Structure formats: structure tokens, C-alpha cells
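Please model the complete structure; the sequences and the hints are all you need to start from.
Just so you know, the protein sequences line up as chains Z and V, in that order. Numbering of the first sequence is given in the numbering used here, commencing with residue 1338 and proceeding in unit increments. Numbering of the second sequence is given in the numbering used here, commencing with residue 1338 and proceeding in unit increments.
FYI, nobody ran anything at the bench for these hints, they're computed from the structure. Just so we're clear, the structure is a prediction, and the values are computed from it rather than from any experiment. There could be a bad hint or two in this list.
Examples of chain Z residues toward chain V, derived with CB under 7 Å [what the hints assert, rightly or not]:
{"no.": "1", "residue": "Tyr1353"}
{"no.": "2", "residue": "Pro1484"}
{"no.": "3", "residue": "Ile1495"}
{"no.": "4", "residue": "Gln1502"}
{"no.": "5", "residue": "Gly1503"}
{"no.": "6", "residue": "Leu1506"}
{"no.": "7", "residue": "Ile1510"}
{"no.": "8", "residue": "Thr1514"}
{"no.": "9", "residue": "Ile1515"}
In silico lysine-lysine, BS3-like type, Cα no more than 27 Å apart, as pairs [as the list claims (entries may be wrong)]:
{"no.": "10", "chain 1": "V", "residue 1": "Lys1437", "chain 2": "Z", "residue 2": "Lys1393"}
{"no.": "11", "chain 1": "Z", "residue 1": "Lys1391", "chain 2": "V", "residue 2": "Lys1361"}
{"no.": "12", "chain 1": "Z", "residue 1": "Lys1348", "chain 2": "V", "residue 2": "Lys1361"}
{"no.": "13", "chain 1": "Z", "residue 1": "Lys1348", "chain 2": "V", "residue 2": "Lys1348"}
{"no.": "14", "chain 1": "V", "residue 1": "Lys1393", "chain 2": "Z", "residue 2": "Lys1361"}
{"no.": "15", "chain 1": "V", "residue 1": "Lys1361", "chain 2": "Z", "residue 2": "Lys1549"}
{"no.": "16", "chain 1": "V", "residue 1": "Lys1549", "chain 2": "Z", "residue 2": "Lys1391"}
{"no.": "17", "chain 1": "V", "residue 1": "Lys1549", "chain 2": "Z", "residue 2": "Lys1455"}
{"no.": "18", "chain 1": "V", "residue 1": "Lys1549", "chain 2": "Z", "residue 2": "Lys1516"}
{"no.": "19", "chain 1": "V", "residue 1": "Lys1516", "chain 2": "V", "residue 2": "Lys1437"}
{"no.": "20", "chain 1": "V", "residue 1": "Lys1348", "chain 2": "Z", "residue 2": "Lys1361"}
{"no.": "21", "chain 1": "V", "residue 1": "Lys1549", "chain 2": "Z", "residue 2": "Lys1361"}
{"no.": "22", "chain 1": "V", "residue 1": "Lys1455", "chain 2": "Z", "residue 2": "Lys1549"}
{"no.": "23", "chain 1": "V", "residue 1": "Lys1361", "chain 2": "Z", "residue 2": "Lys1393"}
Derived DEER-like restraints, expressed as beta-carbon distance ranges [as the list claims (entries may be wrong)]:
{"no.": "24", "chain 1": "V", "residue 1": "Pro1440", "chain 2": "Z", "residue 2": "Ala1395", "range": "36 to 44 Å"}
{"no.": "25", "chain 1": "Z", "residue 1": "Pro1440", "chain 2": "V", "residue 2": "Thr1548", "range": "31 to 39 Å"}
{"no.": "26", "chain 1": "V", "residue 1": "Val1536", "chain 2": "Z", "residue 2": "Glu1534", "range": "18 to 26 Å"}
{"no.": "27", "chain 1": "V", "residue 1": "Thr1343", "chain 2": "Z", "residue 2": "Ala1413", "range": "16 to 24 Å"}
Virtual Cβ for every residue (Gly too), placed ideally from N, Cα, C.
If you want the building blocks of each chain, they are given just below.
There are 2 protein chains.
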Amino acid sequence: MSDEATIYRDKPLRVYLDDAASGKPAPGGGSVSACAGALGAGLVSMVCNLTIGKEKFAGVEEALTDVVARSEALRARLEELLQEDTTAYNAVLVGYRLPKDSPEQQTARSAHIQAALKVAANVPLEIARVALDVCRLARTAADLGNPAAVTDAAIGAILGEGAAQGAALNVLINLGTIKDEAYVGACRAELEGLLAEAVGLRAEVMAITHTKL
Amino acid sequence: MSDEATIYRDKPLRVYLDDAASGKPAPGGGSVSACAGALGAGLVSMVCNLTIGKEKFAGVEEALTDVVARSEALRARLEELLQEDTTAYNAVLVGYRLPKDSPEQQTARSAHIQAALKVAANVPLEIARVALDVCRLARTAADLGNPAAVTDAAIGAILGEGAAQGAALNVLINLGTIKDEAYVGACRAELEGLLAEAVGLRAEVMAITHTKL
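If you want it as C-alpha cells, here you go:
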């Protein structure tokens, strides 16, 4: 854990890949899931950008202008979350290092850890939510976008679903140590519905894509 | 199409994401699939790096030392393919711009295009093959690696499978315009087997992961 967090967005792509492969605490699977989601959101934007302004797609221009505004917002959010996830667990690690000699210290340490674990779980939960939105937009892009770019819409859905699955696992690993049962139950229920929708959207987008290949 | 290709590995992560989202010809879905696969390979390496050198995992140290050597080689290859895919289609575009005024010119143009299309299809085919290998190594990492990092092995498999699926779509889109039926048939058969194995591995790794969460 360094004092100055590396701002990965501004570093060479190879630095992000190298650090993910290393034994360093960050970036881990949560951040990498956000990165995959950002790549997927980018491909949805690409489909829109390869459609807008072309005479023969004038009928869908308004719809895809709306989609690209939203996919670019999702991409910006995932780029933030890619970074946030690299530090989300720091507060948990700080908590584990707190003294636990007296009962008071033990209570304070446990409260710190429990609060930090929820914050750490909320980051991948948000990644999963945004990644699902990527899948939803990929569905529209596959339907309405330039058919020459339909595979890019499909890869957008594939990476959106993968990002949601990966982020969900990072929520679940944190839930195992969170004692607030209402919070744990709500997270599990939300993830279940969210992943089912993402899986369904990926399958729909793949089916649309195969009819246009 | 620029004369000097951007070497994305050395550019800030945001440049790769921004260019993928733009209407520029590259990077497209093939390159982005290779990038997702490289991220997956990196996570497999991370699991190994979080296992090797720890007393309690001494029994799997030799196996995971072998895995990390292989996952780092796959990552290096996918980082190359991420770049190669950005230029693989250039030769096809050059072909389409060749003159077609005489029958001789038409024949030469068609031969150029057909050869370039196979080269362009071979790049994502290679991405899919390497991505499948990422899934295979993720399976071993999930089985043998530090259970605290099992979700990273799972995300490695998720991104490996996604990379294989995305790359396969980019092969298929090229196959539609390739006239060599033997080549097309061989590619389709290889992709079918490859994707079935990747899907199976992702499901296995997810199942292993859920038992360890």
C-alpha cells in the first residue's frame, strides 16, 4: 500500500497490465472488471460513432446520439471505479492493523473493519450495476446500429456481462465477513437479479449479431 | 489509417479506451478482445504470485511456478495481438482501393483482398486460441492457488472466455467475404470446439470459486 495511489488511467496500458499480474494489492479483480466494462462501454460508443452522421442510418440517429451520450457516461464512471477499487480495500487493511489489546480496542477495531468492508463491497457492487447498463445499451446498439459494427456491440455485451460477473464475485468475497445480515441479504438479492439480466442480454445480443453476420 | 501506428501498450490507458470508443478504425473489437484476454492472463499470474513463496502453499509451488511462466507468456502474446489487430485490416482496405478498370486489375484486386482477408481473420483466430489457453490456466489457478485469490482466477476465466467469444466474432465477420471454402470450414470447426471448451472452463472455474467463497 503506497501513500500516493497510482492513477492508472494516465499511466501506460502496460503498467496497468503489469501491476494487475503482479502480487501487488492493486489493481485486483474488481478494478480489472471495471476496466473490462469500460472497454465494453467504449465499443458501444464506437458502434454509435460508426452510425451517426451516415445518410442511410438517419432514422436511428437520434436514438444512437442518446445511446452514445449514455455509454460515454458509463465509460467515465467505470474509469473512475477502476481507480476507486484500487484503494477501496485500503481502509479494511488499516482496520486489521488497529490494536486489539483491550475490549474497547477490539470493539472499535471491529466497527472500523465492518464499516470499511461495506465501503469495499459497495465499489464492486456499483461496478456491477454500471456494467449491466453497458449490456442494456449494447442491446440497443446491436438492434439499431450500423450492421457492419454489430460484432462490436456484441463484444460490448460480452465484456459488460463479464464485468458484472467479475465485480459480483468481488462483492460476494466481502459479504463473507460482513455481519450486517440485512445488508448482506439485500446485496445478494440485487446481484442475483442483476446477473440474470446481464446473462440474458448477452445471449440476446449474440443472437441478434449472428443474424446480421 | 495513419502511417505511424499508435503503439497502444506504451500509451496511457485512457488513450486506448478513448480510441476504442471513437469512430477510428482501430482499436476495434478484435484488439479489445485481446486486451480483455491480457487482463485475464494477468489475473491468473496474480493468483500464482499471491501463492508462490508462502509456506502453507509449498505443495503447489512448483505447479504454479509453471502456470505463471505460461500465463505471462500468454499475456505477452495477447499484448502483441492487441497491437497486431489494429493494423490487420489495413491490407484489406488497401486492396479495396486498388484499381478495377480492366479484367486483369479486377483479378489482381480480388486476389489481394482475399489474401488480406485471411491474414485479417488469422489475427482474431490466434487471439481466440490464446484466450482459450488463459481459461485452461485459470482452471489450474482456481484449483491450486491461494483460495484468498480464487475470485481473481475466476475473473481470469471470465475474461478469457469473453476474449475468445469476441475474437471469434471478428473471425466470423471476415469469413463471410472469404471465398476459400476449405479455409472457412476449417476456421468454423476450430472456433466451435474452442468456444465450447472456453464456455465449459468458465463454468467449471465459477463452480470451484463458489465452493471457496
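With a cut-off of 27 Å on the C-alpha distance, tell me whether V/Lys1549 and Z/Lys1455 pass.
-> 20 Å, holds
* Using 7 Å as the Cβ threshold, decide whether Z/Leu1506 counts as touching chain V. => 4 Å, holds
Interface hint status, Z/Ile1515 versus chain V (Cβ within 7 Å):
Where the cut-off is 7 Å and the nearest Cβ of chain V is about 13 Å from Z/Ile1515, the hint is violated.
- Query: Holds or violated: is there a CB of chain V closer than 7 Å to the CB of Z/Ile1510?
  - Reply: 5 Å, holds
Exercise. Indicate whether the distance between the beta carbons of V/Val1536 and Z/Glu1534 respects the range 18 to 26 Å.
Key: About 20 Å separates the Cβ atoms of V/Val1536 and Z/Glu1534, which means 18 to 26 Å holds.
Please test the hint of 31 to 39 Å on the beta carbon pair from Z/Pro1440 and V/Thr1548.
36 Å, holds
Given pair status - V/Lys1348, Z/Lys1348, alpha carbons within 27 Å: Answer holds: Z/Lys1348 to V/Lys1348 is near 7 Å, not above 27 Å.
V/Lys1549 and Z/Lys1391 were given as a pair; does the straight-line alpha-carbon distance stay at or below 27 Å? Cα-Cα ~51 Å, so violated.
Satisfaction of the hinted span 16 to 24 Å by the C-beta atoms belonging to V/Thr1343 and Z/Ala1413: 21 Å, holds
Taking 7 Å as the limit, does the beta-carbon of Z/Gln1502 come near enough to a beta-carbon in chain V?
OK, holds: Z/Gln1502 within 7 Å of chain V, min 5 Å.
Report task. Identify whether the interface hint at Z/Gly1503 stands, where standing means a beta carbon of chain V within less than 7 Å of its own. Result -> Because about 4 Å separates Z/Gly1503 from the closest Cβ in chain V, which is inside the 7 Å limit, the hint holds.
Given the hint that V/Lys1361 pairs with Z/Lys1393, test it: the Cα-Cα distance must not exceed 27 Å. Cα-Cα ~19 Å, so holds.
When the structure is compared with the earlier hints, violations turn up for hints 2, 8, 9 and 16 and for no others.
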